[in-house]
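Starting from the given sequences, assemble the full structure and let the hints guide the process.
Protein sequence lines correspond, in order, to chains A and B. Mapping of the first sequence onto this note's numbering: position 180 corresponds to residue 180, and the numbering continues sequentially without gaps. Mapping of the second sequence onto this note's numbering: position 89 corresponds to residue 89, and the numbering continues sequentially without gaps.
It should be emphasised that the hints constitute simulated quantities derived from the structure, not laboratory data. The reader is advised that the hints may include incorrect statements.
To be verified - Cβ pair distances, simulated, as ranges:
#: 1; chain 1: B; residue 1: 78; chain 2: A; residue 2: 52; range: 58 to 64 angstroms
#: 2; chain 1: B; residue 1: 18; chain 2: A; residue 2: 127; range: 28 to 34 angstroms
#: 3; chain 1: A; residue 1: 211; chain 2: B; residue 2: 50; range: 35 to 41 angstroms
#: 4; chain 1: A; residue 1: 131; chain 2: B; residue 2: 19; range: 29 to 35 angstroms
#: 5; chain 1: B; residue 1: 32; chain 2: A; residue 2: 127; range: 30 to 36 angstroms
#: 6; chain 1: B; residue 1: 22; chain 2: A; residue 2: 131; range: 29 to 35 angstroms
#: 7; chain 1: A; residue 1: 163; chain 2: B; residue 2: 67; range: 53 to 59 angstroms
#: 8; chain 1: A; residue 1: 249; chain 2: B; residue 2: 43; range: 31 to 37 angstroms
#: 9; chain 1: B; residue 1: 43; chain 2: A; residue 2: 63; range: 30 to 36 angstroms
#: 10; chain 1: A; residue 1: 214; chain 2: B; residue 2: 17; range: 49 to 55 angstroms
#: 11; chain 1: A; residue 1: 119; chain 2: B; residue 2: 3; range: 48 to 54 angstroms
#: 12; chain 1: A; residue 1: 249; chain 2: B; residue 2: 93; range: 49 to 55 angstroms
What the hints assert, rightly or not - Here are some of the chain B residues that sit facing chain A, going by a computed Cβ distance under 10 angstroms:
#: 13; residue: 5
#: 14; residue: 14
#: 15; residue: 26
#: 16; residue: 28
#: 17; residue: 29
#: 18; residue: 34
#: 19; residue: 37
#: 20; residue: 38
#: 21; residue: 39
#: 22; residue: 44
Stated by the list, open to error - Partial selection, computed: residues in chain B whose CB lies under 10 angstroms from chain A:
#: 23; residue: 41
#: 24; residue: 92
#: 25; residue: 93
Think of the CB as a built atom: it goes at the ideal place given N, C-alpha and C, for glycine as much as any other residue.
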Amino acid sequence: MKVTIENKEALWLLRLADTSLIMGQRMAEMCSNGPFLEEDIALSNVSLDLFGRAEELYKIVAKLDGDKFTPDEYVFHRNEREFYNIKLAEQPNEDFAWVIARQFLHDVYAKEAFSQLESSKNSDLAALATKVLKEIEYNLSHCKDWMYRLGLGTEESNHRLQEAVDHLLKYTSEIFNWDELDKANYPDCEKIESTWNNEVNRVLAEVNIKRKEVPELTMRDFRDGFHSEHIGHLLSIMQYLPRAYPDAKWS
Amino acid sequence: MEAGDKVWEVFVQKKSGLPFKHVGSVHAYDKKMAIQNARDLYTRRSEGRALWVVPTEAIVSVPLDKADAFFDPSDDKAYRHATFYDIPEGVKHL
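Now the structure itself:
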């Protein structure tokens with residue numbers, strides 16, 4: 001099966017859908033690996049929210065592109081270069097600080113992005129944005145809370161959070177390299193970047209984490225299907241079953 | 001969890017006006033974490049619209065071995081039970 005997408009808006013929306021999906025898959029890896037039972041369940045809930053969001057977005061993608069493929073087909077039958085998630089989303093769960101920092105950096109961006117999409121001309125997307133914002137609000141407050149606990153906790157927790165942030169910030173600047181599709185679909189791209197910078201700078205300063213100068217990565221843009229080395233491993237696990245057993249069905 | 005955490009009892013109110021009902025407990029280090037954990041464990045499926053968490057240690061309870069002394073209804077003392085009234089016609093919910 002070769003999954004293809006022609007509609008421009010569908011192609012653009014795939015960026016948000018894929019970002020939610022890959023964030024969700026990374027968070028799902030935390031299920032049974034959380035630091036304690038309650039947090040394990042909380043992280044799994046975040047993952048479920050992200051998967052649910054991705055599925056709804058794939059449905060809109062499918063509708064825009066003539067319903068040629070199902071959400072499952074978008075998820076399980078595309079290869080690395082056909083995914084358009086931001087590279088931040090695929091960064092691994094090196095330790096708990098990475099999980100929290102990744103979610104925080106993503107949620108601050110997602111909050112402003114979906115706020116703007118509430119006024120989308122696409123009524124499906126506008127309605128979904130309103131629904132999704134409530135989830136983002138909660139997930140953001142959860143991971144922001146941990147940013148404070150880790151940043152202002154012990155020397156060790158601060159150190160680990162600093163390492164996570166240092167790594168993850170290498171992958172955030174590409175989010176704001178807006179192209180024509182972004183500009184056609186977001187009312188105010190620049191505001192997404194300025195809102196993100198203000199909030200990230202504010203929280204990092206409050207939690208005693210430095211925002212260091214990050215040397216420009218030579219990797220190409222996620223909008224062209226380029227990734228860090230981590231996506232292949234993630235997809236091989238996520239896609240294994242339906243590819244090995246194409247006839248498998250939920251019973 | 002490690003040292004420093006507490007157990008909190010969780011109460012959920014299904015809708016405004018109804019009593020809060022005990023649903024279980026969570027571990028957490030402080031109030032804020034307790035209410036977040038309670039939300040994630042007990043309210044994800046429309047169980048309610050309001051939530052209380054109370055440190056278990058703040059709840060005063062009757063020791064099990066004193067239960068008889070506390071709760072024995074003394075059924076032989078019939079005058080404790082308000083059963084000597086004629087219920088007027090039309091009263092439905094007594």
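Right, here's what the structure says about each hint:
1. B:78 - A:52: 58 to 64 angstroms: holds (60 angstroms)
2. B:18 - A:127: 28 to 34 angstroms: Holds - the Cβ-Cβ distance for residue 18 of chain B and residue 127 of chain A, about 31 angstroms, lies within 28 to 34 angstroms.
3. A:211 - B:50: 35 to 41 angstroms: holds (38 angstroms)
4. A:131 - B:19: 29 to 35 angstroms: Given range 29 to 35 angstroms: holds, Cβ gap about 30 angstroms.
5. B:32 - A:127: 30 to 36 angstroms: With a Cβ separation near 32 angstroms, residue 32 of chain B and residue 127 of chain A satisfy 30 to 36 angstroms, so the hint holds.
6. B:22 - A:131: 29 to 35 angstroms: holds (31 angstroms)
7. A:163 - B:67: 53 to 59 angstroms: Given about 55 angstroms between the Cβ atoms, the range holds.
8. A:249 - B:43: 31 to 37 angstroms: holds (32 angstroms)
9. B:43 - A:63: 30 to 36 angstroms: holds (32 angstroms)
10. A:214 - B:17: 49 to 55 angstroms: holds (53 angstroms)
11. A:119 - B:3: 48 to 54 angstroms: With a Cβ separation near 50 angstroms, residue 119 of chain A and residue 3 of chain B satisfy 48 to 54 angstroms, so the hint holds.
12. A:249 - B:93: 49 to 55 angstroms: holds (53 angstroms)
13. 5: holds (8 angstroms)
14. 14: With a minimum Cβ separation of about 20 angstroms from chain A (threshold 10 angstroms), the hint on residue 14 of chain B is violated.
15. 26: Holds, because the Cβ-Cβ distance from residue 26 of chain B to chain A comes to roughly 5 angstroms (cut-off 10 angstroms).
16. 28: holds (7 angstroms)
17. 29: holds (8 angstroms)
18. 34: holds (9 angstroms)
19. 37: holds (4 angstroms)
20. 38: holds (9 angstroms)
21. 39: holds (8 angstroms)
22. 44: Constraint on residue 44 of chain B satisfied, holds at 6 angstroms.
23. 41: Hint on residue 41 of chain B: holds, closest Cβ of chain A at ~6 angstroms, below 10 angstroms.
24. 92: Check failed: Cβ of residue 92 of chain B comes no nearer than 42 angstroms to chain A, outside 10 angstroms.
25. 93: violated (39 angstroms)
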